[in-house]
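J.: Here is how the chains run, residue by residue.
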Amino acid sequence: MDLTDTNHQRALLYLRTAKYSAGPIAVSHLQDAVDRHRYEAGSAKLSHVLPALQRSLGLDPDQHQATPPKLSRGRIGYQGD
Amino acid sequence: MTELRWQPVAYRRRGLLALLVLGQTFLGVWLLSHSLSLAHEGWPAILLVSLFAILFTWIGLGFWTALFGFVMLRRGGDPFSLSRQLSEEPGTQSFEGRLALVMPVCHEPVQRSLGNLQAVYKELEDKGWRNKVDVFVLSDSQDPEVWLEEQAACAELSADMTAGNRLFYRRRRVNLNFKSGNIADFLRRWGARYRYMVVLDADSLLTASAIEKLVQLMEQRPQAGIIQTAPRLARAETRFARLQQFANRCYGRIHSAGLAAIQLGDANYWGHNAIIRVAPFMAHCGLRRLQGWGLFRGPVLSHDYLESALMGRAGFEVWLEPAIAGSYEESPPTLKDDLVRDRRWCRGNLQHLVPLLTMAKLRFSHRLALLTGILCYLASPLWLAFLGLSGYLALAGTPGSQPLPGLIGVSSANGSLAGACLIGLTVITLLGPRILALVDQGLAGRETLFGGGWRMAANTVGETLVSLILAPIRMIAHSGHVAGALLNRSLRWQGQNRTGAGGLAQALQHFAWPALVCAGVLAMIQWYSPNLTPWALPVTIPVLIAPLLTVWLSGAGTGQRVIVPEQVSSVPVITRASVAHRLGKRLPSLSWFEQAVLSPQYSCWRHRQPGPYHGCKQRALKSLVDRCAVQGPGALTGSQISLLCDHPEAMQSLHLKAWQAEPDSPWGAALARLSLNLGPIQTATHTHRTQPEHSPWIGVAS
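So the sequences go chain by chain: A and B.
Numbering (this note's numbering) for the first sequence: 1 to 81.
Numbering (this note's numbering) for the second sequence: 1001 to 1702.
Don't take each hint at face value.
Stated by the list, open to error - If the Cβ cut is set under 10 angstroms, some of the chain A residues that face chain B in the computed set are:
| id | residue |
| --- | --- |
| 1 | Leu13 |
| 2 | Leu15 |
| 3 | Arg16 |
| 4 | Leu30 |
| 5 | Leu71 |
| 6 | Ile76 |
| 7 | Gly77 |
Claimed, not checked - Label pairs and their calculated CB-CB ranges:
| id | chain 1 | residue 1 | chain 2 | residue 2 | range |
| --- | --- | --- | --- | --- | --- |
| 8 | B | Arg1489 | A | Leu12 | 29 to 37 angstroms |
| 9 | A | Leu12 | B | Arg1619 | 33 to 41 angstroms |
| 10 | B | Leu1176 | A | Leu12 | 42 to 50 angstroms |
| 11 | A | Ala52 | B | Gly1555 | 28 to 36 angstroms |
| 12 | B | Cys1616 | A | Ala52 | 26 to 34 angstroms |
| 13 | A | Ala52 | B | Pro1663 | 17 to 25 angstroms |
| 14 | A | Lys70 | B | Leu1676 | 42 to 50 angstroms |
Said to hold, decoys possible - In silico DSBU-like links for lysine-lysine, alpha-carbon gap of 30 angstroms or less:
| id | chain 1 | residue 1 | chain 2 | residue 2 |
| --- | --- | --- | --- | --- |
| 15 | A | Lys70 | B | Lys1132 |
| 16 | B | Lys1132 | B | Lys1122 |
| 17 | B | Lys1657 | B | Lys1585 |
| 18 | B | Lys1657 | B | Lys1622 |
| 19 | B | Lys1132 | B | Lys1585 |
| 20 | B | Lys1617 | B | Lys1657 |
| 21 | B | Lys1127 | A | Lys70 |
| 22 | B | Lys1622 | B | Lys1585 |
| 23 | B | Lys1657 | A | Lys70 |
| 24 | B | Lys1127 | B | Lys1585 |
| 25 | A | Lys70 | B | Lys1585 |
| 26 | B | Lys1657 | B | Lys1122 |
| 27 | B | Lys1122 | A | Lys70 |
Treat the hints as calculated values from the structure; they're not laboratory data.
Cβ atoms here follow ideal geometry from the backbone N, Cα and C, with glycine treated the same way.
Looking at chain A on its own, in the form it has when it is part of the complex (with noise of 0.2 angstroms):
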């Protein structure tokens, strides 16, 4: 990639976007799925490369999956009238 493209400035700002909010472990994933881009897929396009940013971030081991709470389904009473 080049390092003068746009694609690749944006690839640098979604990391900094990234590391903005995100864990230690996302973010070092994230590094590891740019670097990757940067020194491999030369021409990538950047809609290739952000679904492998975005899956670098869905594999943080760290990442719990949320568990609702269990629905009830009570009823009310309408006894008022």
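Position chain B relative to chain A; hints supplied.
T.: The following block gives chain B in isolation, referenced to the frame of chain A:
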């Protein structure tokens, strides 16, 4: 467990109260009748006396309730209150199970309301409530900029929670039946999982000790359906709010003690800062939409009094426990906000006329509570009518006679004495509770909490003067509210201003019409009967200067000189709420929607949400995504943005398109702004390493 026999005591106390109030009213009516001159006869005079009887009963009720409270507090508290009776119960067991802490919000200031919530559950965690609390933030917000911020703040709050406690955020797409519908929606889904729920308002603060006490009382008294605390006002920053806070802290004590003593187990629910036994509440307190016409059709706006009445009808007790300390709420910061809130409450309370007349088997005390709620607002037009009628009688009477004939215009020796007595009686009724409150604070040795005896007295005089000036403004405003409600003028809930922002332009806009009408009335009085003008000035001048008064009262300045107990000795939960840091990580220079689209983190949690979509919905979403990707967020309405945000696939698509946007497009400009403000690339992250990488918070989809 000791059997509490509070009903006979309650009946005796209520009988005594009725006797005192009616006795005073008869005395007032007798004095008025004797002070009216012979020229004042016929239906206007009868109507005047009738109005006077209603209004005198109304203010008499306030006076005697305060006196009851004074007596109770001087006796060291009400021996028949729930907390006093059950405090002697031996062997209190600790609470097993989970407690639901519920905060319904709708376009509230996010940082302030969720900061309050954080302070409350942090208190609980500090007190050892581990693996016992489920916090629910129930949002009815429709503006995506508000609810996206709510979500982000809740995500951070949830990540911050420890000790096995959990926080859930739920937003309803359709605000069916407003706040009561929001709570009912929560109960339908998760209510059966909890024995008790503590309901908080967006400005509520409860200490852990208060919550513990509420739970303990509920455990000890299975017949109790609702236990309501008496919230103290806190965190007042403007002059107006500080005066309200002073009044609440200085005089509120005897009023709430008196109310609790009279109501006992037939008290009312005030909508928040209370604990509710969930099962009977679900079984008996559902509120159907009203089926009448105009105002009396549609969802119930003011639900709390009705819910306590229904709880009472189902055989459960509702207690007001002012002795439980550590319950706080905030006052509206300005007069304008106070009146806006009153407008909403006015509609809700007037709606109670239907259940009052049609609901069977309600307890008499709850019917009376509904009636007093209605009278709270109906009293203003009645006062206005009384003043108008008084002026009419003065005009129609003998030349030179004065308005307010019962109070001022007198023509004979007997009339003079009766009029003077009536004036004295009225002044005592109106100012008596304040004097009693001062005496009570002094006898209880609490004057130091208000900066000393002299300072407390001086502040009372100041607060009373401001109240007297505000009284005509409230009367005119409430009369307008009642008229607007009866004409069913639409009203939209836009959340409450809790911060005090607002200027002269806003105040002028709000009070322009009342001021103009008042100026017109004053001009007419001066033209027709100049001798009446001096009597009209005390009512009209406050309304004419209302905009300036509002601006002055919404300032901070001298308000902080009015000392209140929380200023003298700080309360940890209030301090914690006041210093709460900003919740929800926000990328610089982006709106919440832009952040939701551009942030890789948002993109990440979106992956965890369900929601495949097909057919015309898919086409509609695709069209929105395409339009937003090309034209930017400004091309979509709030509801369209909310729709997009509720669909992870659509947001994912928009996320990729936005990041690939041309530099000269709206998203390209947003990225340029972001790049400019994000700072240089850093190897270290801003995130605390102690914090979980991805918090297990739940954005429960509607």
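J.: All hints, please: hold or fail.
T.: Right, here's what the structure says about each hint:
{"no.": "1", "hint": "Leu13", "verdict": "5 angstroms, holds"}
{"no.": "2", "hint": "Leu15", "verdict": "7 angstroms, holds"}
{"no.": "3", "hint": "Arg16", "verdict": "5 angstroms, holds"}
{"no.": "4", "hint": "Leu30", "verdict": "8 angstroms, holds"}
{"no.": "5", "hint": "Leu71", "verdict": "5 angstroms, holds"}
{"no.": "6", "hint": "Ile76", "verdict": "4 angstroms, holds"}
{"no.": "7", "hint": "Gly77", "verdict": "4 angstroms, holds"}
{"no.": "8", "hint": "B/Arg1489 to A/Leu12: 29 to 37 angstroms", "verdict": "56 angstroms, violated"}
{"no.": "9", "hint": "A/Leu12 to B/Arg1619: 33 to 41 angstroms", "verdict": "36 angstroms, holds"}
{"no.": "10", "hint": "B/Leu1176 to A/Leu12: 42 to 50 angstroms", "verdict": "47 angstroms, holds"}
{"no.": "11", "hint": "A/Ala52 to B/Gly1555: 28 to 36 angstroms", "verdict": "56 angstroms, violated"}
{"no.": "12", "hint": "B/Cys1616 to A/Ala52: 26 to 34 angstroms", "verdict": "33 angstroms, holds"}
{"no.": "13", "hint": "A/Ala52 to B/Pro1663: 17 to 25 angstroms", "verdict": "22 angstroms, holds"}
{"no.": "14", "hint": "A/Lys70 to B/Leu1676: 42 to 50 angstroms", "verdict": "46 angstroms, holds"}
{"no.": "15", "hint": "A/Lys70 to B/Lys1132", "verdict": "16 angstroms, holds"}
{"no.": "16", "hint": "B/Lys1132 to B/Lys1122", "verdict": "13 angstroms, holds"}
{"no.": "17", "hint": "B/Lys1657 to B/Lys1585", "verdict": "23 angstroms, holds"}
{"no.": "18", "hint": "B/Lys1657 to B/Lys1622", "verdict": "12 angstroms, holds"}
{"no.": "19", "hint": "B/Lys1132 to B/Lys1585", "verdict": "28 angstroms, holds"}
{"no.": "20", "hint": "B/Lys1617 to B/Lys1657", "verdict": "20 angstroms, holds"}
{"no.": "21", "hint": "B/Lys1127 to A/Lys70", "verdict": "27 angstroms, holds"}
{"no.": "22", "hint": "B/Lys1622 to B/Lys1585", "verdict": "29 angstroms, holds"}
{"no.": "23", "hint": "B/Lys1657 to A/Lys70", "verdict": "36 angstroms, violated"}
{"no.": "24", "hint": "B/Lys1127 to B/Lys1585", "verdict": "28 angstroms, holds"}
{"no.": "25", "hint": "A/Lys70 to B/Lys1585", "verdict": "28 angstroms, holds"}
{"no.": "26", "hint": "B/Lys1657 to B/Lys1122", "verdict": "41 angstroms, violated"}
{"no.": "27", "hint": "B/Lys1122 to A/Lys70", "verdict": "24 angstroms, holds"}
Checked against the numbered hints given earlier, this structure breaks hints 8, 11, 23, 26; the rest are met.
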